[in-house]
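S.K.: Those protein sequence lines, which keep their order, are chains A and B.
If you want this note's numbering, it's the 1-based position in the first sequence plus 388.
If you want this note's numbering, it's the 1-based position in the second sequence plus 388.
Hints are computed from structural coordinates only; laboratory data are not their basis.
Errors might be hidden in some of the hints.
The list that follows gives simulated cross-link-like pairs (lysine-lysine, DSSO-like), each with its CA atoms no further than 27 Å apart [what the hints assert, rightly or not]:
| hint | chain 1 | residue 1 | chain 2 | residue 2 |
| --- | --- | --- | --- | --- |
| 1 | A | Lys496 | A | Lys510 |
| 2 | A | Lys714 | B | Lys714 |
| 3 | B | Lys714 | B | Lys767 |
| 4 | A | Lys767 | B | Lys496 |
| 5 | A | Lys767 | A | Lys714 |
There are 2 protein chains.
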Amino acid sequence: MALGKHPRGRIVTIGDELLSGDTVDTNLAFLASRARSLGLEMGRAVTVRDREAEIADAVRCAAENAEVCLVCGGLGPTSDDVTTAALAHAAGVELELDDAELAVIGRKFERMGRRMAAVNTKQARRPVGARWLPNSLGSASGFELEMGRCAVFVMPGVPRELERMMTAEVEPVLRHRFALRERPRRIYRTLGMGESDLATRLQGPLDRARGWSAGLSAVFVHYRPAMPEVTVVVEAVPDERGRAATPAELAELDDTLREALRPALYGIGGASLPRRLVAALTRAGLRLGLAESCTGGGTAAMIAAIPGASAVLDGAIVAYENRVKKALLGVSERDIEEHGAVSEVVALAMASGARQALGSDLAASITGIAGPGGGTAEKPVGTVHIAVSDGQTMVHEVLRLRPDRPTIQRAAALWAQKLVWDRLEQRGLAAIEVLD
Amino acid sequence: MALGKHPRGRIVTIGDELLSGDTVDTNLAFLASRARSLGLEMGRAVTVRDREAEIADAVRCAAENAEVCLVCGGLGPTSDDVTTAALAHAAGVELELDDAELAVIGRKFERMGRRMAAVNTKQARRPVGARWLPNSLGSASGFELEMGRCAVFVMPGVPRELERMMTAEVEPVLRHRFALRERPRRIYRTLGMGESDLATRLQGPLDRARGWSAGLSAVFVHYRPAMPEVTVVVEAVPDERGRAATPAELAELDDTLREALRPALYGIGGASLPRRLVAALTRAGLRLGLAESCTGGGTAAMIAAIPGASAVLDGAIVAYENRVKKALLGVSERDIEEHGAVSEVVALAMASGARQALGSDLAASITGIAGPGGGTAEKPVGTVHIAVSDGQTMVHEVLRLRPDRPTIQRAAALWAQKLVWDRLEQRGLAAIEVLD
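All chains, please: the whole structure from these sequences, using the hints.
M.R.: Here you go:
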């Protein structure tokens with residue numbers, strides 16, 4: 389194949405558990421993401437069961453329509469692992485037992501201090517003509533096999549074994565064999581505005597930007613909603629004459645889109661809101677505390693999930709029960725009686741109470757009705773009050789979220805972080821920046 | 389098609405974000421899981437990009453090989469949503485604008501107090517001959533379309549909209565049209581034992597049970613690891629003569645497996661550990677408090693995610709910073725200095741401190757090193773101490789978890805809940821029961 393041409397890719401993931409719904413297929417997303425960052429265009433993915441004929445059929449079809457095919461799953465030692473046999477079948481070759489590989493597997497078991505079981509012999513078989521791909525984390529080696537014009541890479545389904553084999557063994561081969569170049573894209577992260585609102589706001593600015601250059605004329609815009617966030621992805625797609633926007637041309641969109649996406653935009657690039665918040669707080673030398681009711685600790689957990697969070701997170705008081713709101717956050721009995729636990733007054737008291745109790749520079753609070761029970765006509769399920777106290781001022785917002793408990797809890801936790809972010813931005817301590 | 393025959397199913401999921409690796413396809417797992425519980429055998433799933441020709445090709449191929457095809461994604465109002473046009477293309481029919489549907493969409497926007505954008509008109513178009521599937525949660529209705537012998541159901545890609553439409557609109561049609569019968573299975577939920585250990589322990593008991601009846605002789609056992617949990621699924625598969633285990637026969641396995649899976653087993657059926665914990669605490673009339681360090685509130689959030697958690701959850705003190713451990717949990721300076729914040733002594737002090745500060749009947753604590761930084765030779769990343777205090781006694785465990793921050797945090801949160809569970813079981817307040 390000509391160097392410089394974008395090879396077409398296919399993914400085949402294998403496993404009964406994927407088609408019974410017992411397992412969410414994170415391997416597919418992992419392979420797709422690695423392929424994307426290599427500039428390998430994935431046109432399709434197919435998921436099949438552990439059945440020899442079905443696997444052979446899917447791989448054959450993929451190999452006929454692509455130059456690279458990434459296959460994973462079904463390389464284990466047990467009777468439901470039939471991928472190797474299926475690949476031999478698909479390629480029309482025999483299976484051969486490789487004594488050298490058998491010795492490799494034996495040594496792996498030795499190192500673990502275990503005896504190699506008879507079933508593991510199976511893992512030393514490969515289709516004739518295949519080249520082994522070493523697996524330093526498990527007993528199942530993968531292999532590469534040429535089928536017509538297509539390079540087929542077969543890897544184990546255990547996520548960390550797959551990840552290691554893909555990055556350490558497969559990617560170097562792909563980079564070497566094809567002139568791979570990533571397709572540039574620009575990611576705009578927003579919170580608080582719907583997909584169609586964003587699309588309407590962007591239409592004018594994007595139409596104008598398309599006139600700036602041939603590359604920009606052909607950009608493709610995706611909207612990825614994950615309520616309350618929508619991520620806008622602007623991707624460079626080649627026009628009929630093969631001209632695609634360069635990263636520098638895409639970056640020229642920033643100022644225009646920044647204006648159009650205000651005040652929902654909080655960042656450019658892949659980094660999440662919690663990551664940006666931790667980065668901004670670290671730079672500002674400020675520490676954060678939280679007071680959570682309906683989110684039950686989910687906000688603190690999102691921040692604690694970021695490596696390095698300990699530099700900025702003091703902790704949280706999860707005051708699920710009103711008694712705790714009073715005892716640890718200093719919320720007054722009267723405020724709860726007069727305004728209810730889900731109210732502006734209580735949210736503000738929780739924020740300043742958390743700031744004090746945790747000794748933090750600033751604190752955010754969340755109190756609301758996550759449902760399914762507990763709603764009233766005046767305060768329906770989804771009513772959430774959030775507040776931020778930073779010693780200078782207090783800010784508050786009331787949200788009407790929907791539709792169900794997990795979505796309301798997740799959205800409330802993210803909105804509260806956005807409120808902190810907005811306050812930092814106002815004080816000049818956070819800015820919309822490029823962060824991946 | 390003959391009633392009683394198992395219809396063959398296919399899934400088609402649509403979205404550039406699935407093939408760029410930006411989004412893990414939970415919709416595929418959801419549809420597969422619903423299909424399984426309906427007894428609809430899913431032979432294959434295909435994931436394609438938002439490209440009209442590619443979608444049309446995938447759906448056409450699926451419809452030729454199945455009686456039911458579930459399609460999702462690409463029904464939004466924006467320019468990258470091309471699924472409806474692709475379906476018309478695949479079926480060889482025109483698109484028509486449906487004025488009644490346009491009015492439905494208009495009313496949805498009215499109710500949200502927003503103006504319907506011009507782009508939303510697109511969502512009132514359907515392939516000629518299609519029947520709308522109402523969407524009470526969003527603007528995009530789905531539709532059903534017959535293609536040859538195959539019923540094709542097209543649903544939105546927003547997970548909650550898809551979930552509602554599948555269960556409320558599509559499943560009743562499927563149940564009515566086909567004589568669907570679920571394949572019986574029994575789910576055993578365990579925490580703390582590896583996949584191969586479980587398999588070794590179960591081999592003998594299962595071999596013996598296979599002799600009990602023809603149906604049991606053909607059961608299929610899957611191990612689904614999601615560290616630190618492994619779910620054991622025993623599924624009734626018909627033998628060569630078509631005899632499969634009945635639900636009652638599968639239930640006969642309980643006593644034998646319960647013995648073999650001790651002490652890792654905590655429940656039978658689909659219900660998660662947090663759900664079972666909330667149910668047991670509710671029944672016992674006990675309230676729980678938490679003291680979390682490295683999990684950052686994730687344990688409390690897992691419990692707060694369960695509807696009805698307010699009956700048992702007082703709250704949590706997330707003491708990420710040592711100052712908070714001292715101020716709010718009463719951990720002594722000396723204990724932290726002598727033993728370190730990640731130690732048995734501090735874990736025990738945190739648990740009893742939380743019980744006191746939150747006024748709870750019992751409290752659990754978690755303190756550990758989630759990484760990537762902070763590990764030492766003596767206390768490597770993944771060292772986590774957990775403890776429970778219930779006013780009668782204190783229990784403690786030290787864990788060595790791996791491999792990365794998110795896995796360690798999630799595993800620690802679940803282990804702590806298991807420790808609470810074990811304590812309740814010891815006191816006769818929790819039991820292994822069937823709960824879905």
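S.K.: All hints, please: hold or fail.
M.R.: Quick rundown of the hints versus the structure:
1. With a C-alpha separation of about 15 Å, the suggested pairing of Lys496(A) with Lys510(A) holds against the 27 Å cut-off.
2. For the hint linking Lys714(A) to Lys714(B), the alpha-carbon distance of about 20 Å falls within 27 Å, and the restraint holds.
3. Pair hint Lys714(B) plus Lys767(B) holds up; C-alpha atoms about 22 Å apart against a cutoff of 27 Å.
4. Taking the CA atoms of Lys767(A) and Lys496(B), the gap is about 21 Å. The hint holds against a cut of 27 Å.
5. Simply put, Lys767(A) and Lys714(A) have alpha-carbon atoms about 22 Å apart, close enough for the 27 Å limit, and the pair holds.
The structure shown violates none of the earlier numbered hints.
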